[in-house]
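Student: The sequence shown maps to residues 1 to 324 in the UniProt record's numbering.
There may be inaccurate statements among the hints.
The calculated label-pair distances, taken between Cβ atoms and stated as ranges, are [claimed, not checked]:
(1) Pro262 with Asp156: 38 to 44 Å
(2) Pro262 with Gly289: 42 to 48 Å
(3) Phe128 with Ala192: 29 to 35 Å
(4) Gly244 with Arg54: 33 to 39 Å
Calculated directly from the structure, the hints in this document are not laboratory data.
Each residue gets a CB set at the ideal place from its N, CA and C atoms; glycine is no exception.
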Amino acid sequence: MTPLPTLRQLSYLVSLAEHLHFGRAAEACRVTQSTLSAGLQDLETLLGTTLVERGSRRQVRLTPVGEDTVIRARALLRDAEALVRAVEAAGAPLSGRLRLGVIPTLAPYLLPRVLPVIRQRHPALRLFLREDQTARLLDQLDSGRLDAGLIALPWDTAGLEVAVLGEEDVWVALPRDHRLADQAAIDPEELAQERLLLLEDGHCLRGHALAACRLQVPRAATADEAGEVFQATSLGTLIQMVAGGLGVTLVPRMAVPVEGGPEVITRPLAVNRVARQVALVWRKGSPLGTDLTLLAATLRPEVAALAAPDSGGEPPPAASTAPG
1 MTPLPTLRQL SYLVSLAEHL HFGRAAEACR VTQSTLSAGL QDLETLLGTT LVERGSRRQV
61 RLTPVGEDTV IRARALLRDA EALVRAVEAA GAPLSGRLRL GVIPTLAPYL LPRVLPVIRQ
121 RHPALRLFLR EDQTARLLDQ LDSGRLDAGL IALPWDTAGL EVAVLGEEDV WVALPRDHRL
181 ADQAAIDPEE LAQERLLLLE DGHCLRGHAL AACRLQVPRA ATADEAGEVF QATSLGTLIQ
241 MVAGGLGVTL VPRMAVPVEG GPEVITRPLA VNRVARQVAL VWRKGSPLGT DLTLLAATLR
301 PEVAALAAPD SGGEPPPAAS TAPG
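With the sequences and hints as input, model every part of the structure.
Tutor: Rendered as structure tokens:
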């Protein structure tokens with residue numbers, strides 16, 4: 001019988017391809033650098049070819065054959081893991097390990113509510129959570145490093161199963177002493193006159209809100225004005241900037257009861273309801289499909305409760321009443 005590479009050897013090669021550094025690749029595999037290097041040399045000897053160019057100053061490059069082998073190795077590792085998952089799933093629903101990615105504009109608001117529910121209903125499930133932007137989460141999902149993702153739609157979900165969990169409106173956050181603070185709801189056209197504080201590129205909420213409100217990304221006319229266009233990596237930072245009177249921002253409904261403070265108020269949009277869909281996605285053909293459909297059913301009522309108009313936060317005043 002022809003000698004075959006081991007899954008461990010293939011995992012070493014894939015890790016090196018991801019990190020292009022022997023030390024970091026070994027750390028990711030939780031082995032010593034010498035163990036990883038020896039495993040790769042054994043793999044090259046077995047295959048009768050060079051997979052890795054070992055340059056000076058610890059520079060690492062894959063050979064063309066190495067790059068092709070990495071693609072095949074990833075597929076083999078995914079299939080091996082799918083085999084294990086299929087056997088695990090046959091024992092009990094939603095048991096064993098589940099690697100779930102969550103976008104930053106959902107994680108702080110949805111997870112505190114749903115995690116206790118998941119633990120109570122599915123105690124045998126071991127969740128491993130990763131927070132990241134949508135594009136990076138879907139890359140990890142495609143490569144098999146994640147099993148599922150909680151994202152917001154619209155987004156390109158080709159090749160994925162999509163279970164929509166619900167919708168949530170997008171609201172406006174503004175300083176308490178703002179000229180629009182006495183309005184029960186904000187007309188999107190009013191926002192065109194405001195300094196709109198945004199999440200940085202890559203956050204789906206940024207694109208969803210701007211497109212739905214038909215707003216333009218602020219553009220700096222001069223280099224000096226460039227410092228006046230603010231972008232942040234988190235909603236919490238944006239809210240603090242709003243509290244400081246630096247502008248207004250758009251937030252998902254789930255964030256309203258959590259973010260803010262005495263200096264910030266939130267209001268719904270008055271016309272052309274702006275909403276995004278919350279969805280659980282996974283690879284088509286995943287052996288976890290049945291389990292993830294069950295997980296989606298567990299999450300739907302929790303998403304609905306958080307996204308409901310009366311789910312918390314400061315209620316808007318009557319139009320004639322200025323907040324105190």
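Student: Could you tell me which of the numbered hints above are not met by this structure, giving the numbers in increasing order?
Tutor: 3, 4
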